[in-house]
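Undergrad: Protein chains in written order, with this note's numbering: chain A, 1 to 314; chain B, 315 to 851.
Each hint can be trusted.
Here are the simulated distance ranges between beta carbons:
no.	chain 1	residue 1	chain 2	residue 2	range
1	A	Gly67	B	Asp711	46 to 52 Å
2	B	Ser758	A	Arg268	57 to 63 Å
3	B	Ser758	A	Ala107	20 to 26 Å
4	B	Ala588	A	Gly233	50 to 56 Å
5	B	Val838	A	Gly67	48 to 54 Å
6	A	Glu72	B	Ile681	28 to 34 Å
7	B	Ser758	A	Asp275	56 to 62 Å
8	A	Gly12	B	Ser715	53 to 59 Å
9	B	Ala588	A	Asp18	57 to 63 Å
Not everything, but these chain B residues come out facing chain A in the computed CB check (under 7 Å):
no.	residue
10	Arg745
11	Ala751
12	Leu753
13	Ala755
14	Pro767
Honestly, the hints are just simulated from the structure, not real lab data.
Since we're looking at a predicted model, the values are computed, not measured.
Where is the CB? At the ideal position from N, CA and C, for every residue including glycine.
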Amino acid sequence: MLVVEDLTVRFGTTTAVDSLSFELAGDETLALLGPSGCGKSTLLRAIAGLQAVDRGRILLDDHDLAGAAPHERGVGLMFQDHALFPHRNVADNIAFGPRMQGVRPEARTKRVAELLDLVGLPGFGERSVATLSGGEAQRVALARALAPRPRILLLDEPLGSLDRSLRDRLVDELPGVLRAAGTAAIHVTHDHEEAFAVGDRLAVMTNGALRQTGEPKRVWEQPATAEVARFLGHTNIVDAVDGLMVVRSDAAAVHSDGELAVTVIRSRFQGNDYDTLVRSREGDELRLTLQERLVPGAEARLRLDPTRVIAIRE
Amino acid sequence: MRRPTSTLAAGAVVLVPATFIAVFFVFPVASILLRGFGDDGLSSLVDLATSPRQRGVLWFTVWQAVVSTVLTLAVGLPAASVVARMGGRARRLTRALVTVPFVLPTVVVAGAFEGVFDRFGLDAGAFRLRHTVWAILLAHVFFNYAVVVRTVGGYWAGLDNRLEDQARMLGANRRRTWWEVTLPRLRPAIASAAAIVFLFSFTSFGVVLILGGPRRATIETEIYRYAVTRSDFSTAAALALVQLVAVLALVAVATRLERLRPIHNRQGRVGPGALGSKWVTLNAVVALALLGTPIAVLVERSLVAGDGYGLANYRALGTRVRQLPAPATTAIWNSLVFAVAATAMAVLVGTLASLVVVHGRRGLSRIFDLGLTLPLGTSAVTIGFGMLVALDEPPLDLRTSWWIVPIAHALIGIPFVVRTMVPVLRSIDPRLREAAAILGATPSRVRREIDIPIGARGLVVGAGFAFAVSLGEFGATSFIPRRPENLTAPIALFRLLGTPGDLLRGQAMALAVVMMVTVAIVVVAIETLRGSAEGGL
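Build the full structure now, drawing on both the sequences and the hints.
TA: As structure tokens, this is what we get:
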């Protein structure tokens, strides 16, 4: 169990992590979502012991990590661009952690084979890391991070450098691997779809602080602030009577006596449906997914599903 | 949570190189300074400034260096244009080939040129080159050709040729484009190469001593003459002081120029356009004539036996001649043993020092960086003279010790080790160290698992240079008292060359060939390793 209390990290006058607190249970995966520069990597580095902390505490299984060097923490970290050791082959990269722990060679070999199976690369042990593709390198990096059985695994944008389809595949596999390894994890990403897919819980971070934490579906359905809503992929945030209103892109349907009169700006076919941009009488632009094509410039009436319209009181 | 052993290890990392440099470099140089500024020294300094002979020496030192630099650039720049356009493999090979002369021992090169003068009758008469300034200049061009070709050629290869294409599209012809677009962009590389060539020519010792003959003297050879031939230490110290100041200034300029060299952005780059085949041929012929002739003649001369050819000269290396305290073969063996010992010391001290430069606290890192660059700038003669002056009293009476030779050679080799190691260590992605730490490696374990194995390639290259430098070292060694067990191959060669007579000439040529082949093997090995290192680990 990881407990972070009132954690603050400053670089000169800028505060990268600002009095941040959260807890993480033993086998839970927390998806930490935030724009680049919001301090999420700094938070991971602070937990890993690579970054000095200005204030606050980090407790791992009731043990205060203050003053513990990175190698004494029992924390795993996987870097965005793998950081595989170029002078060692795949097996030696994975065996590195167990070797540091003094695990015997036979047991190390066994552990390497186990992990290669787990990440779907059986028989890759003798390969040079220079010959690996991006996805393979990522899997090896994951295996290497898991090999010393860290109490918690920190993943810093682990899929950020991969192309879309590979990323989708790994997003599907990653939760299974983490569950099999039985380790808690913090998965940092700036991609909300990735965060939804991997996280048992989701935390949205901006400007060094957590703005909202909760189950992914709950957070998406009820964003606490406009900023969070925007970051979760909501594009339609409009003024309402008492605050703001988020109109989900799937909230509207064309209906002859719909309550919302709009002018169509553009309509783009995107496979199953049409990505449509409209302007309301009040002048708000909305981006909606509609089942039929509307002619740009035409007037239309839309009906809104009230369960898909979210009120935000800031 | 530092364990005592790791503190002890960290202490050794700093203390070993610091002590070595302090005792064998700082102390001797300080001794020279003390003598130079002492009463005798000061009056010698005044003599230096007033005596016409000394003023002549200073003037000659400067102008031969200027002319050497200009000539080297004139011959080297066209060649650099060709090398810049070569593919990876051809470029590596060419680079290795032109580098062989650069690392050849000065005495070997001097011997080769003497051989050329003999062979083509340039040792007397109207076209006499022997013991003229032309002999010195030619040898300097021979040596430093590689500096220009490598520095400028490598830089040129990285330039984005789209600017040249653009100039051509805007109506500039070839020559105009070169003059207005290419040359200005090459300026940093040319300036940096020129500074290095000037520095090498300024501190050139063996070439001037042997090829210049008794009447041509630079500061370096004057220090030698006063200290070794006349035992006039105060004049030698005064000269060494002048040399030290001049060289430090030159090193500062060279380092500054090197830093100013921008790093290329390789994205979307287009390589330099093709060259005319005549131009390529012309450069190949010049390179072959300049670099090939002395080497070919040297080999030919070494094989002259009576009226024909044979191996008599090589066989004679095994027998002792009156001019040498031991047979030349013993000198070769000594040199190899010295080189191994010197390389071992240079590697140990250099590696630890590099770790401090890269990982030490800022102040410490600076001091080490500077302290290790100084021996590189300080001429070998100054180092040899300093040891002669300083290490003559107990507890540091090393003048008669076997160790003094490898120690002097190690001092000269350390900067090579550091200069190849530090960039490699600096280029290691810091996240590799972080990854290792997170996987459970202690800080000293991180050094052992990451820095040392990855730095090993750089180390091998640095060690190779240290070895080659030791094999050919002449300047510092010439100050060390001569005893049979101290006799190195370069010293033996110098003495053979200095003695008239065909028989010893032939032996000298054979000895020079043996040294050349040994050094060439080391250099080719280094270049091969360096080449494979460039292709990614």
